[in-house]
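If you want the building blocks of each chain, they are given just below.
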Amino acid sequence: MQFKKGHNRQLVGLLNQVEDIAQKASKEDDFKKLFKLLKDFVSLEGPIQFDNSARYWFAFWVFAFAVFFTIACFKIPAMSLAWQYWYISYGIILIIFICPFFLAGSDTNTISEISHYIMQKDIVFDNGLSRQKIESKTGLYHDFHRRFGEFRDRGDEDRYISTLFAGNAVTKEFCFSFQYYIFHYVVVTYVTVPVKVGKVTTTVTHKVKTPYWRYGVNLDFGFTERLAIISSGGSYNYAKKWETASTDFNKVFNVYCDDEMTASKFLKPAVVLAFLDIAQCFDELNVEVNGGGQMNIAFSDDNLLESAGRRYSIAEPEKFENEIFSFLAVPKLDKLIKFVETLKKYNDFNF
Amino acid sequence: MENLIIPAAIIAAILTLSGIIIGIRNAIVIAKNRVQRGWADVIAWQRKKVQLIPVLEQAVHQYKQYEKMIMTKITALRTALQQLDQGSINYEALREVGKKTNAMIATAEAYPALRSSELYVKFMNEVSELEDNVASAIAIFNRNVECFNNSIQAFPGNLVNGMLNKEKAVETFTDTAAVAGIDFKPKF
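Residue numbers (numbering that gives the first Met the number 0), protein chains in the order written: chain A, 0 to 350; chain B, 0 to 187.
Calculated directly from the structure, the hints in this document are not laboratory data.
Certain hints may be false.
Said to hold, decoys possible - Pairs of lysine-lysine, DSS-like flavour, derived with a Cα cap of 25 Å:
| no. | chain 1 | residue 1 | chain 2 | residue 2 |
| --- | --- | --- | --- | --- |
| 1 | A | Lys334 | A | Lys344 |
| 2 | B | Lys121 | A | Lys343 |
| 3 | A | Lys264 | A | Lys343 |
| 4 | A | Lys3 | A | Lys35 |
| 5 | A | Lys343 | A | Lys239 |
| 6 | A | Lys136 | A | Lys208 |
| 7 | B | Lys47 | A | Lys264 |
| 8 | A | Lys343 | B | Lys47 |
| 9 | A | Lys344 | B | Lys31 |
| 10 | A | Lys26 | A | Lys264 |
| 11 | B | Lys67 | B | Lys99 |
| 12 | B | Lys31 | A | Lys171 |
| 13 | A | Lys250 | A | Lys120 |
| 14 | A | Lys23 | A | Lys318 |
| 15 | A | Lys38 | A | Lys23 |
| 16 | A | Lys250 | B | Lys31 |
| 17 | A | Lys120 | A | Lys318 |
| 18 | B | Lys47 | B | Lys67 |
| 19 | A | Lys240 | B | Lys31 |
| 20 | B | Lys47 | A | Lys344 |
| 21 | A | Lys318 | A | Lys264 |
| 22 | A | Lys264 | B | Lys31 |
| 23 | A | Lys136 | A | Lys120 |
| 24 | A | Lys250 | A | Lys334 |
| 25 | B | Lys121 | A | Lys337 |
| 26 | A | Lys26 | A | Lys318 |
| 27 | B | Lys67 | B | Lys31 |
| 28 | A | Lys240 | A | Lys343 |
| 29 | A | Lys264 | B | Lys121 |
Work the whole structure out from these sequences, hints included.
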């Protein structure tokens with residue numbers, strides 16, 4: 000494939016512009032300008048891919064040098080010293096040989112990352128979500144900590160709500176608004192490692208910080224209160240533990256409540272089966288309804304807002320544009336909303 | 000000291016084996032109790048229909064020309080519900096309640112004037128959710144039966160059951176009316 004002179008430099012400029020437009024986009028129509036830029040580039044400058052021919056030629060000559068170097072080490076006596084340290088020589092040659100491929104991969108990755116970012120943003124637009132500005136991430140965490148057991152006894156430091164979306168769900172029987180949050184925390188552990196200093200072995204303690212993320216949805220649920228159905232983590236201040244009649248449910252979840260009748264009324268057989276069904280799709284699922292009738296559904300899956308899979312990228316502007324301007328469903332979010340609808344359906348009162 | 004090692008090992012082995020046998024025995028008891036509780040839940044959900052019948056009676060009362068026919072079906076359903084016993088598993092009685100429920104609803108559905116009644120619509124929504132819960136309770140019950148049967152039939156539970164519990168396998172509930180409508184019948 001033939002590229003124009005300065006193609007890579009033009010392409011970098013284009014990608015910077017595209018990224019800037021994508022970051023500033025507040026609605027789907029804002030992407031039209033972005034796709035116009037991409038299509039104009041393709042018609043004027045060439046394909047949206049980096050010209051790696053110079054890098055590949057460089058790698059070829061490095062390889063040729065390696066072959067020449069090997070022959071020289073055996074044929075030229077003065078080179079025998081270099082052969083004694085062959086592992087250093089070939090290590091350096093290998094690093095130099097890999098560099099062009101690494102750079103080529105990195106550039107291709109940039110195109111993929113920008114495409115992924117655009118798609119993620121469009122998913123938010125298509126599903127009626129809006130990113131909320133968080134004035135104090137730690138402050139919001141403290142507010143959630145006060146309201147829900149999910150946020151208690153999790154992590155040792157760096158606890159905050161990093162991202163917050165607001166959304167509205169419209170189902171066959173109910174309409175409700177919800178918030179989708181991403182919760183970050185760090186678990187600190189101390190690891191003792193033996194260290195030999197001369198002939199003496201001492202132990203040194205290292206502080207190891209491991210970051211974790213939990214994801215979840217908050218909404219109003221006025222049909223019950225003071226009840227938690229937990230599969231993993233958090234700290235819940237309820238008087239009693241209750242078991243359902245389902246062996247499978249009891250293996251996955253623990254139920255905490257102040258009043259067993261509340262738990263029994265909420266966990267109807269259809270609701271128990273709904274929990275078992277949703278537990279197949281979400282890891283470490285916890286559901287709590289606090290004293291104010293607010294429900295928190297938390298899990299470890301980080302792909303709630305992912306669609307079926309991106310098929311195209313900005314390298315194919317027309318196909319990618321069709322993909323972006325079609326409706327991008329998010330199966331996991333839809334599943335969660337259906338689950339909430341089931342909980343509401345079997346807990347409301349028809350008369 | 001060395002003379003004590005073998006007797007200590009034998010005692011430890013016996014204690015471990017006893018612990019395992021006790022654990023398996025208790026697991027069979029727990030599984031059986033869960034089957035019974037599952038059945039009790041099915042009956043409890045079926046019996047909730049008794050609370051809904053007055054709502055249908057109230058809706059029907061306005062339509063004198065249909066009242067007699069539907070009241071006959073309601074009486075038959077009440078009688079069938081009374082045959083249900085939370086303490087003993089009786090699939091025939093459960094199937095009878097299902098038949099009588101369907102007969103009552105089919106009779107009510109045959110009258111358009113009744114169908115348009117707001118009270119009747121709410122009644123049907125409630126019955127629909129109730130039926131969903133009954134079906135779910137039956138699914139949970141069947142799964143508990145499967146777990147119980149596995150615990151007494153699979154090794155080593157079958158040995159412990161043969162020696163201690165002496166429980167028999169429980170049959171799962173099947174809706175014979177639904178099965179009759181399917182041509183394919185697997186051979187077990």
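Results for each hint:
| no. | hint | verdict |
| --- | --- | --- |
| 1 | A/Lys334 / A/Lys344 | holds, 15 Å |
| 2 | B/Lys121 / A/Lys343 | holds, 16 Å |
| 3 | A/Lys264 / A/Lys343 | holds, 12 Å |
| 4 | A/Lys3 / A/Lys35 | holds, 20 Å |
| 5 | A/Lys343 / A/Lys239 | holds, 23 Å |
| 6 | A/Lys136 / A/Lys208 | holds, 20 Å |
| 7 | B/Lys47 / A/Lys264 | holds, 13 Å |
| 8 | A/Lys343 / B/Lys47 | holds, 19 Å |
| 9 | A/Lys344 / B/Lys31 | violated, 32 Å |
| 10 | A/Lys26 / A/Lys264 | violated, 43 Å |
| 11 | B/Lys67 / B/Lys99 | holds, 16 Å |
| 12 | B/Lys31 / A/Lys171 | violated, 40 Å |
| 13 | A/Lys250 / A/Lys120 | violated, 38 Å |
| 14 | A/Lys23 / A/Lys318 | holds, 22 Å |
| 15 | A/Lys38 / A/Lys23 | holds, 20 Å |
| 16 | A/Lys250 / B/Lys31 | holds, 16 Å |
| 17 | A/Lys120 / A/Lys318 | holds, 17 Å |
| 18 | B/Lys47 / B/Lys67 | holds, 23 Å |
| 19 | A/Lys240 / B/Lys31 | holds, 21 Å |
| 20 | B/Lys47 / A/Lys344 | holds, 17 Å |
| 21 | A/Lys318 / A/Lys264 | violated, 51 Å |
| 22 | A/Lys264 / B/Lys31 | holds, 24 Å |
| 23 | A/Lys136 / A/Lys120 | holds, 21 Å |
| 24 | A/Lys250 / A/Lys334 | holds, 22 Å |
| 25 | B/Lys121 / A/Lys337 | holds, 22 Å |
| 26 | A/Lys26 / A/Lys318 | holds, 20 Å |
| 27 | B/Lys67 / B/Lys31 | violated, 44 Å |
| 28 | A/Lys240 / A/Lys343 | holds, 23 Å |
| 29 | A/Lys264 / B/Lys121 | holds, 20 Å |
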